[in-house]
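Novice: Chains as they are written, first to last, in our numbering: chain D, 1 to 459; chain W, 1001 to 1544.
Bear in mind the hints are in silico, worked out from the structure with no lab data behind them. Hints are supplied without guarantee of correctness; some may be wrong.
Unchecked claim - Straight-line Cα separation of at most 16 Å, EDC-like style, residue types lysine to aspartate or glutamate; simulated pairs:
hint: 1; chain 1: W; residue 1: Lys1134; chain 2: D; residue 2: Glu207
hint: 2; chain 1: D; residue 1: Lys97; chain 2: W; residue 2: Asp1445
hint: 3; chain 1: D; residue 1: Lys216; chain 2: W; residue 2: Glu1460
hint: 4; chain 1: W; residue 1: Lys1133; chain 2: D; residue 2: Glu207
hint: 5; chain 1: D; residue 1: Lys62; chain 2: W; residue 2: Glu1137
hint: 6; chain 1: W; residue 1: Lys1341; chain 2: W; residue 2: Asp1141
hint: 7; chain 1: W; residue 1: Lys1130; chain 2: D; residue 2: Glu14
hint: 8; chain 1: W; residue 1: Lys1483; chain 2: D; residue 2: Glu14
hint: 9; chain 1: D; residue 1: Lys11; chain 2: W; residue 2: Glu1137
hint: 10; chain 1: D; residue 1: Lys8; chain 2: W; residue 2: Asp1141
hint: 11; chain 1: W; residue 1: Lys1371; chain 2: W; residue 2: Asp1445
Unchecked claim - Pairwise CB distance ranges, derived in the manner of DEER restraints:
hint: 12; chain 1: D; residue 1: Ala450; chain 2: W; residue 2: Ile1521; range: 31 to 41 Å
hint: 13; chain 1: D; residue 1: Pro356; chain 2: W; residue 2: Pro1528; range: 55 to 65 Å
hint: 14; chain 1: W; residue 1: Lys1241; chain 2: D; residue 2: Arg448; range: 57 to 67 Å
hint: 15; chain 1: W; residue 1: Pro1528; chain 2: D; residue 2: Glu456; range: 50 to 60 Å
hint: 16; chain 1: D; residue 1: Asp447; chain 2: W; residue 2: Lys1217; range: 32 to 42 Å
hint: 17; chain 1: W; residue 1: Pro1528; chain 2: D; residue 2: Asp302; range: 30 to 40 Å
hint: 18; chain 1: W; residue 1: Glu1300; chain 2: D; residue 2: Lys8; range: 44 to 54 Å
hint: 19; chain 1: W; residue 1: His1164; chain 2: D; residue 2: Leu443; range: 53 to 63 Å
In this text, all values refer to a predicted model and were calculated from it rather than measured experimentally. Even for Gly, the Cβ is constructed at its ideal location relative to N, Cα and C.
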Amino acid sequence: MLLRHTPKEVKEREALTINPAKTCQPIGAMYAALGIHNCLPHSHGSQGCCSYHRSMLTRHYKEPVMATTSSFTEGSAVFGGQANLLAAVENIFALYKPDVIAVHTTCLSETIGDDIPQIVSKAVEEGKVPPGKFVIHANTPSYIGSHVTGFANMVKGMVKYFSVRTGVKDNQVNIIPGWVEPSDMREIKRLTAEMGVKSIMFPDTSEIMDSPQTGKFEMYGKGGVTIDELRASGDSIATLAMGHEASVPAGELLDSKCKVKLYELDVPIGLKATDRFIKTLSDVMNVPVPESIERERGRLVDILTDNEQYFYNKRVALYGDPDQLIPMCEFLVDIGMRPVYVVTGTPGKYFAARMPEVLKDIPEAKFRQGPQADMFLVHQWIKNEPVDLLIGNTWGKYIARDENVPLIRFGFPIMDRVGHSYFPNVGYTGAIRLIEKLLNAILDKRDREAPEEKFELMF
Amino acid sequence: MSPENKIQDAQSIKEEMLGSYPTKTARKRQKQFVVNEPGLEAKQEIQANVRTLPGIITQRGCSYAGCKGVVLGPTRNILNITHGPIGCGYYSWLTRRNQTRPESDTDDNFMPYCLSTDMQDENIIFGGEKKLKKAIEEAVDIFHPKAVGVFSTCPIGLIGDDVHAVSKEMSEKTGANIFGFSCEGYKGVSQSAGHHIANNQLFKHVIGKGKACKAGKFKVAMLGEYNIGGDAFALEELFDKCGITLVATFSGNSTYEQFASAHLADLTVVMCHRSINYVADMIEKKYGVPWFKVNFIGAEASAKSLRKIAEYFDNAELKARVEKVIAEEMAKVKSALDEIKPKVEGKTAMLFVGGSRAHHYQELFKEMGMKILAAGYEFAHRDDYEGRDVLPTIKVDADSRNIEELHVEAHASEYRPRKTKEELEALAKKGFEFRDYKGMMPEMDAGTLVIDDINHFETEIIIEKYKPDIFCAGIKEKYVIQKLGMPLKQLHSYDYGGPYASFAGAINFYRDVERMLNTRIWKHIKAPWHKVEPLAAVFINATN
Chain D
1 MLLRHTPKEV KEREALTINP AKTCQPIGAM YAALGIHNCL PHSHGSQGCC
51 SYHRSMLTRH YKEPVMATTS SFTEGSAVFG GQANLLAAVE NIFALYKPDV
101 IAVHTTCLSE TIGDDIPQIV SKAVEEGKVP PGKFVIHANT PSYIGSHVTG
151 FANMVKGMVK YFSVRTGVKD NQVNIIPGWV EPSDMREIKR LTAEMGVKSI
201 MFPDTSEIMD SPQTGKFEMY GKGGVTIDEL RASGDSIATL AMGHEASVPA
251 GELLDSKCKV KLYELDVPIG LKATDRFIKT LSDVMNVPVP ESIERERGRL
301 VDILTDNEQY FYNKRVALYG DPDQLIPMCE FLVDIGMRPV YVVTGTPGKY
351 FAARMPEVLK DIPEAKFRQG PQADMFLVHQ WIKNEPVDLL IGNTWGKYIA
401 RDENVPLIRF GFPIMDRVGH SYFPNVGYTG AIRLIEKLLN AILDKRDREA
451 PEEKFELMF
Chain W
1001 MSPENKIQDA QSIKEEMLGS YPTKTARKRQ KQFVVNEPGL EAKQEIQANV
1051 RTLPGIITQR GCSYAGCKGV VLGPTRNILN ITHGPIGCGY YSWLTRRNQT
1101 RPESDTDDNF MPYCLSTDMQ DENIIFGGEK KLKKAIEEAV DIFHPKAVGV
1151 FSTCPIGLIG DDVHAVSKEM SEKTGANIFG FSCEGYKGVS QSAGHHIANN
1201 QLFKHVIGKG KACKAGKFKV AMLGEYNIGG DAFALEELFD KCGITLVATF
1251 SGNSTYEQFA SAHLADLTVV MCHRSINYVA DMIEKKYGVP WFKVNFIGAE
1301 ASAKSLRKIA EYFDNAELKA RVEKVIAEEM AKVKSALDEI KPKVEGKTAM
1351 LFVGGSRAHH YQELFKEMGM KILAAGYEFA HRDDYEGRDV LPTIKVDADS
1401 RNIEELHVEA HASEYRPRKT KEELEALAKK GFEFRDYKGM MPEMDAGTLV
1451 IDDINHFETE IIIEKYKPDI FCAGIKEKYV IQKLGMPLKQ LHSYDYGGPY
1501 ASFAGAINFY RDVERMLNTR IWKHIKAPWH KVEPLAAVFI NATN
């Protein structure tokens, strides 16, 4: 057994996290900043943070992840990181020529108390920021929240630094897609365009974290939200913020700063969450839902009705982030499955508020949130009463192997399979892909384990 | 091209590169960039183990990564607890591909677990010692470890949590051997500081505690082998065939007990000089076990290293057995090379990685008939470039001064010289060297580039100028280079292949590199409609 020390008996822990279902803020800020056109994310802290984040994002995307660091030494830890950040800004603009440097802090620079806006204004005074170029920032202390909080903070930074209200409304909608894959962002943009709606998406990592092989390395990729688009977001008719944790903070700021009305949505994973997205878009932008989208929806419902028997009453354990877990659990319940164990390391009251409603028909379901809501706990629950499926990131493969439970790779990071950056999980088409994955996992196991006389040709 | 022209060419590339930097940056970078001229009377000096310039896109990580990730990570029965916010523990959780093979299904193996105190803001404000104590208590209660390592992350040093005092207190309370590591990420200038911090603590708290080790006639401890992709397994098998007993490996496929009894070996050999040479020195001083450098990356290098070990033990039976194994293995190597070499001969490589690998892996490329154009380390020191001769002349700067140097003396009862003075003299007469490492630069051709702590900007320039056929680095560089339409071989994770150590490993490497160089995938980058097709063009013109 790989996880041979995990006991069946659950004892409450107060201080120790084992096999966490979250990581720290800065990596989220780095991922979000990669969704700005011609932007270089910068980690203000020790070198290791930047190296770890780049490595993990690279493993997940199999793409270049370019980012810089302030390379703190003991001296900077004592005297502060101003000199390091000033040097970094000068080097970055000289060598890598981005339009924007997006600085995020770390637990080190936050504990020291470095004042980023003050350092940046010094850099501007000293002529280290070329005209027309920008340095933006987000505070992302690793000891508060999780990677999702860091993502949210950087997205908020985009609004804070760039969004302006001219007073003249543009007939367009802002979409904050949350921490999703480039494939998901692409799909959300496709659906929006199919509805005939003009949109500004931020961040947008499509054409950056899924860039084509051309034989040429491009430092910044073609994609990403532009500064002009971020500015124009202040004149949009509405903002659709997908995911309470990752997107709503920026949506709220845009509402208060530029009076752009905020519509809070779930990430459109599964049937109902996608329905709500389409319905909201239709209502807010006053456009009818085209037949093409009706037919997409119909194909999803068709695959559900065709295969309903294989999902019914299957017990599922999930770990991941609130914004994904909420609509995913809702979808599982909708198709007859039973999400019985759900954990997230990411704090926030919203999850606790939504989950009882989502799981109201699954009385045996347990869900937990916070530092000790980790994969160790999920595994213990599984040992006490097994599940048919496990849904989460790559680390779940250790539990999956020990307990002989199929793992559906979903969330971040996925370091041992490809596909997530190319095929969406969102929208009706994304839901069809999820269904395919669920079905394959269930039926492959059945094929592998059925006694010869019960081996089936057809399902 | 003549060596003189090559040198001139390389000099002009260096100047061009430095010209793009801001003045201060150029001044600092120029000393870390040498156009190699081996054999010069005044040996060339390279600056290494100095601060990375902020904003430059370095390959380097931090002290914590070197300490918890590299050195302690591969040991299966020391329970590692990261004291800090969640990220550091998370990113170092199983991500270095260290394999391990517990002897039974019930033996301890903590490697698949990530333990953290997950510090929250109130812990940063009010201190985290109380939480750490509680976390250790809970961990010991669940895992029942013999030993626990506690690793400090950046904020721990700043808020003043005393991990050493807490470890000592909890050791007494629980009975487990618990020790702390002050490996905050800002210590030193790279992972290298973390290696040193890790090894110092192992030397203080573990090495020497064991009273017995694996029995055998020729007992060896191997330092600086981390079992990436099963390298240590391959070496264990090789040593076994030769009748040499590996009593401890630091740290691939290792256990607490192996560390504790490493001083009972009769010889210490060092693979990765950078990460651990000082431990070999300390074991020699305290327990009388001599050491020398070996390299099992490359078939010729493996043979040479095995012969040197046999020579050290000076036993006819061992020498004969080693020769027999080498003959058997080299036959397989030869047949692989006969097939592979014609397909790759003359191709070129660059290696920018680690603290030893950029040197060791040159052996394998040379065996394949390939040429090295440029190389450099991510976190090595001058001695790894220029050889140990320069050790006394290395300036200790402010960043290195903060890394503890242990003062070691001979152990009152356990110091036992393994060779008599006469035996050592006889060996010396034969040209046998102890504590030896000549470094990377003397072995590289004239006009090759040696660049320390290379960054992305420089990488792009040298690739454009030299157009190597393959580039070796790590995961962060992998897809950057591959987007240029050429393969990158990861020498940290081996691209999930390996083992590459020993003779069998060498064959694996030849095959992997040959595949990468000759795969037809790279030929598909250009779409057919962008390829010039003169006949079609003539035809269209004609109809016009």
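Novice: Is it true that the CA of Lys1341 (chain W) sits at most 16 Å from the CA of Asp1141 (chain W)?
Specialist: With Cα atoms ~56 Å apart, Lys1341 (chain W) and Asp1141 (chain W) exceed 16 Å; violated.
Novice: Run the distance test for Lys216 (chain D) versus Glu1460 (chain W): straight-line Cα separation, threshold 16 Å.
Specialist: With a Cα-Cα distance of about 11 Å, the restraint between Lys216 (chain D) and Glu1460 (chain W) holds, given a limit of 16 Å.
Novice: Given the range 31 to 41 Å, decide if the beta-carbon distance of Ala450 (chain D) to Ile1521 (chain W) lies inside it.
Specialist: Given about 38 Å between the Cβ atoms, the range holds.
Novice: Look at the Cβ atoms of Pro356 (chain D) and Pro1528 (chain W) and judge whether their distance stays inside 55 to 65 Å.
Specialist: Holds - the Cβ-Cβ distance for Pro356 (chain D) and Pro1528 (chain W), about 58 Å, lies within 55 to 65 Å.
Novice: With a cut-off of 16 Å on the C-alpha distance, tell me whether Lys1133 (chain W) and Glu207 (chain D) pass.
Specialist: The hint is violated at about 47 Å.
Novice: Do the beta carbons of Pro1528 (chain W) and Asp302 (chain D) sit within 30 to 40 Å of each other?
Specialist: At 38 Å between Cβs, range holds.
Novice: Does Glu1137 (chain W) sit within 16 Å of Lys62 (chain D), going by the straight-line distance between their CA atoms?
Specialist: With a Cα-Cα distance of about 40 Å, the restraint between Lys62 (chain D) and Glu1137 (chain W) is violated, given a limit of 16 Å.
Novice: Tell me if the straight-line CA distance from Lys1483 (chain W) to Glu14 (chain D) falls inside 16 Å.
Specialist: 47 Å, violated
Novice: Is Lys1134 (chain W) close enough to Glu207 (chain D), meaning Cα to Cα at most 16 Å?
Specialist: Violated - the C-alpha atoms of Glu207 (chain D) and Lys1134 (chain W) are around 47 Å apart, more than 16 Å.
Novice: Between Lys1241 (chain W) and Arg448 (chain D), is the Cβ distance one that fits in 57 to 67 Å?
Specialist: Roughly 38 Å apart at Cβ, these two residues miss the hinted range, so it is violated.
Novice: Starting from the range 32 to 42 Å, see whether the pair Asp447 (chain D) and Lys1217 (chain W) falls in it by beta-carbon distance.
Specialist: Since Asp447 (chain D) and Lys1217 (chain W) have Cβ atoms about 53 Å apart, the given range 32 to 42 Å is violated.
Novice: Taking the Cβ atom of His1164 (chain W) and the Cβ atom of Leu443 (chain D), is their distance within the range 53 to 63 Å?
Specialist: 55 Å, holds
In the structure shown, a violation is registered for the earlier hints numbered 1, 2, 4, 5, 6, 8, 14, 15, 16, in ascending order.
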